[in-house]
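Novice: For the protein sequence lines, the chains are P and V, in the order given.
Letter by letter, the first sequence follows residues 134 to 484 in our numbering.
Letter by letter, the second sequence follows residues 134 to 484 in our numbering.
Watch out, some of these pointers could steer you wrong.
Copies of the same chain are indistinguishable here, so a pair counts whether it falls within one copy or spans any two.
Mimicking DSS-like on lysine-lysine, the simulated pairs with C-alpha atoms at most 25 Å apart in a straight line are [what the hints assert, rightly or not]:
#1 K467 <-> K191
#2 K440 <-> K363
#3 K483 <-> K269
#4 K414 <-> K279
#5 K483 <-> K346
#6 K428 <-> K440
#7 K467 <-> K346
#8 K467 <-> K363
#9 K416 <-> K269
#10 K428 <-> K483
#11 K143 <-> K416
#12 K269 <-> K186
#13 K476 <-> K143
#14 K269 <-> K142
No lab work stands behind these hints, which were simulated from the structure alone.
Number of protein chains: 2
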Amino acid sequence: MSLLRETIKKIEQIDNTLAAETQERLDFLTKPQGSLGRLEELAKQVVEITRIKNPQLKHKVVFVMAADHGVTEEAVSAYPKEVTPQMVYNFLAGGAGINVLARHAGARVNISDLGVAVDLNPHVELHIHKVNYGTKNMAQEAAMTKQEAIQAIENGILTFEEEFKKGIDILATGDMGIGNTTASAAIIAVITGRQVEEITGRGTGIDDASWRKKVEIIQKAIQVNKPDPKDGIDILLKVGGFEIGGLAGLILAAAAKRLPVVIDGFISSAAALIAYRIEPKVKDYLIASHLSQEKGHRIALDYLGLKPILDLHLRLGEGTGAALAFSIVEAGVKVLNEMATFKSAGVSEKS
Amino acid sequence: MSLLRETIKKIEQIDNTLAAETQERLDFLTKPQGSLGRLEELAKQVVEITRIKNPQLKHKVVFVMAADHGVTEEAVSAYPKEVTPQMVYNFLAGGAGINVLARHAGARVNISDLGVAVDLNPHVELHIHKVNYGTKNMAQEAAMTKQEAIQAIENGILTFEEEFKKGIDILATGDMGIGNTTASAAIIAVITGRQVEEITGRGTGIDDASWRKKVEIIQKAIQVNKPDPKDGIDILLKVGGFEIGGLAGLILAAAAKRLPVVIDGFISSAAALIAYRIEPKVKDYLIASHLSQEKGHRIALDYLGLKPILDLHLRLGEGTGAALAFSIVEAGVKVLNEMATFKSAGVSEKS
Chain P
134 MSLLRETIKK IEQIDNTLAA ETQERLDFLT KPQGSLGRLE ELAKQVVEIT RIKNPQLKHK
194 VVFVMAADHG VTEEAVSAYP KEVTPQMVYN FLAGGAGINV LARHAGARVN ISDLGVAVDL
254 NPHVELHIHK VNYGTKNMAQ EAAMTKQEAI QAIENGILTF EEEFKKGIDI LATGDMGIGN
314 TTASAAIIAV ITGRQVEEIT GRGTGIDDAS WRKKVEIIQK AIQVNKPDPK DGIDILLKVG
374 GFEIGGLAGL ILAAAAKRLP VVIDGFISSA AALIAYRIEP KVKDYLIASH LSQEKGHRIA
434 LDYLGLKPIL DLHLRLGEGT GAALAFSIVE AGVKVLNEMA TFKSAGVSEK S
Chain V
134 MSLLRETIKK IEQIDNTLAA ETQERLDFLT KPQGSLGRLE ELAKQVVEIT RIKNPQLKHK
194 VVFVMAADHG VTEEAVSAYP KEVTPQMVYN FLAGGAGINV LARHAGARVN ISDLGVAVDL
254 NPHVELHIHK VNYGTKNMAQ EAAMTKQEAI QAIENGILTF EEEFKKGIDI LATGDMGIGN
314 TTASAAIIAV ITGRQVEEIT GRGTGIDDAS WRKKVEIIQK AIQVNKPDPK DGIDILLKVG
374 GFEIGGLAGL ILAAAAKRLP VVIDGFISSA AALIAYRIEP KVKDYLIASH LSQEKGHRIA
434 LDYLGLKPIL DLHLRLGEGT GAALAFSIVE AGVKVLNEMA TFKSAGVSEK S
């Protein structure tokens, strides 16, 4: 618990006083004021977060955290749970969606096992921070113990700290875990207070009957466990997952280091809600990369007050949407750093 | 006219038969089917356009065409027309928004003068294809002669062909011309048949009274000139601009070479509508980069049946939205080219 406590203690309010000053600098650049829309907003947010006037986003990292979910016993997913370790090997081999999109963005990928149900073969790029061999079936009992929930968050912090030694200017959250849209829907329903039907989507692609079943399982999990909507750790332990806890820890650790965190889709937003419940100040460190096709994602983002940058009908997870959004955030920062001013370029101003 | 005729003759229907085959290949990749949404659609479109199974988008070019507009006499813009040449020099010095965003996308910038009102200082990277020293005031008379309209389109084709020698895999359209949202609004209103009020926006940032004036000027220009809504060249010559004609030529030339054209915002969409009126087959070669803040842009895109990739509240022009979208289109193509299949990665398929 001490690592978590120390991390939380380091999280400060972002410096809102820098927004006006940065906007003024943006307004001197050779373009009509405000004409670069969200790029300007993103540049301002990165300055507020980092407190650096001309931030460089050279070191970009996507963290992909993997774990299994006991609730897959209830047949809530279209894919067998063996896919979790298989996909981890795919990440390590560089063949998954996130590998392609991270390479495209010039980002590193950090792959960690927070709780895959089997022992994974060692690999130099695989970070083992396993809390346990998958969660318990939340439809029957709590997904994990309180100690495990704290361990998951702290292992997320440790994963961050290891990678931070290599340099990080901006990071993204990514996930892998068959069954994790089920856990995420439960978390989002509990925290936002919305109906499970509104939040629950089709995950990797289930049919109507399976969707109905999934809704019932989530309702049952909430009923059996009665998570406290105000207590992030209580929600995590009762209806969460190890990778979700790890991502929450990652978000807290990044905020403590004044780094912008680009969150991916549905699962990442559930993790962001957990982190927000633990320490509300993290909210301003978050950049929502995209609006997922997963039903209920918008509800989670609205609750956090975040506007997604992209809407590309993605529903893959792994951090893929976040990797795509890196390019847009970086573009905003480059506008601030590299564009000429009206004066330096000898361009007449608005009459 | 012969260059235009020859170019049109070379434009073929894109090969729709490649869509199903490409989707099948996408469905073998290690992700739930369709889970990369628009990235998959973009990959398919690029294959259909290029007829290359694994297209490489290495050579990316943003064409920025500049020209002046006689209608600025009517005080329709927030900026003086001197800004057109000043911004061309800014492009050449590398300090404008498009320079920053093209560098970020790994794209070249081709800068051409289609009709700036002054003689520009020579520069090795400035391509002079001037049709005339700005258009006439369309509120009083036709913006240009028929011969000039054809010349503008053909100069756009020539601009493309010069740059094509250096290699182009994908291109973007960009514009610079004080007053060109006025001409573009007129074109879009004529072609779509919608009211001028619905189409006319604030351009670089005018107030309510100036907006009302701008609407009246556009209505007057249409009334005075009576462009034929079915005749792209007639519309261009009566209420268009030299850079808009040049961009229409660029689009036709690219389609003739089976290249995907990423169109920027409001002005580029007006040019795309002109090209579409000249040869409807070009439509399938177009990729809409973003939804501009300029009112009426959505109407133009809907008319062309195009869905914008981004919605970042941009209204700068220059090709900035298109340069940002390059990254997304390229991501789609890389997914197709680089992701592992379920079989090659040893990942179990959907049960």
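Novice: Against each hint, give a clear statement of whether it holds in the structure.
Specialist: Hints and how they fare:
Taking CA atoms no more than 25 Å apart as the test, K467 paired with K191 passes in both settings, with 11 Å inside one copy and 22 Å between copies. For the homomeric pair K440 and K363, the shortest alpha-carbon distance inside one copy (23 Å) is at most 25 Å, but the shortest distance between copies (41 Å) is not. Taking CA atoms no more than 25 Å apart as the test, K483 paired with K269 passes between copies only; the shortest distance there is 23 Å, against 63 Å inside one copy. Within a single copy, K414 and K279 get their C-alpha atoms as close as 23 Å, which meets the 25 Å cut-off; across copies the closest is 63 Å, which misses it.
Taking the shortest alpha-carbon separations for K483 and K346, only the inter-copy value of 18 Å comes in at or below 25 Å, while the best intra-copy value is 60 Å. In this assembly of identical chains, K428 and K440 lie within 25 Å of each other by CA distance both inside one copy and across copies; the values are 16 Å within and 21 Å between. In this assembly of identical chains, K467 and K346 lie within 25 Å of each other by CA distance neither inside one copy nor across copies; the values are 48 Å within and 36 Å between. For the homomeric pair K467 and K363, neither the shortest alpha-carbon distance inside one copy (39 Å) nor that between copies (43 Å) is at most 25 Å.
Within a single copy, K416 and K269 get their C-alpha atoms no closer than 29 Å, and across copies no closer than 54 Å, so neither meets the 25 Å cut-off. Taking CA atoms no more than 25 Å apart as the test, K428 paired with K483 passes between copies only; the shortest distance there is 20 Å, against 45 Å inside one copy. Within a single copy, K143 and K416 get their C-alpha atoms as close as 15 Å, which meets the 25 Å cut-off; across copies the closest is 54 Å, which misses it. Proximity of K269 and K186 under a CA criterion of 25 Å is satisfied in neither setting, with 47 Å inside one chain copy and 45 Å between copies.
For the identical chains of this complex, K476 and K143 are neighbours neither inside a copy (41 Å) nor across copies (46 Å), given an alpha-carbon limit of 25 Å. Within a single copy, K269 and K142 get their C-alpha atoms no closer than 31 Å, and across copies no closer than 66 Å, so neither meets the 25 Å cut-off.
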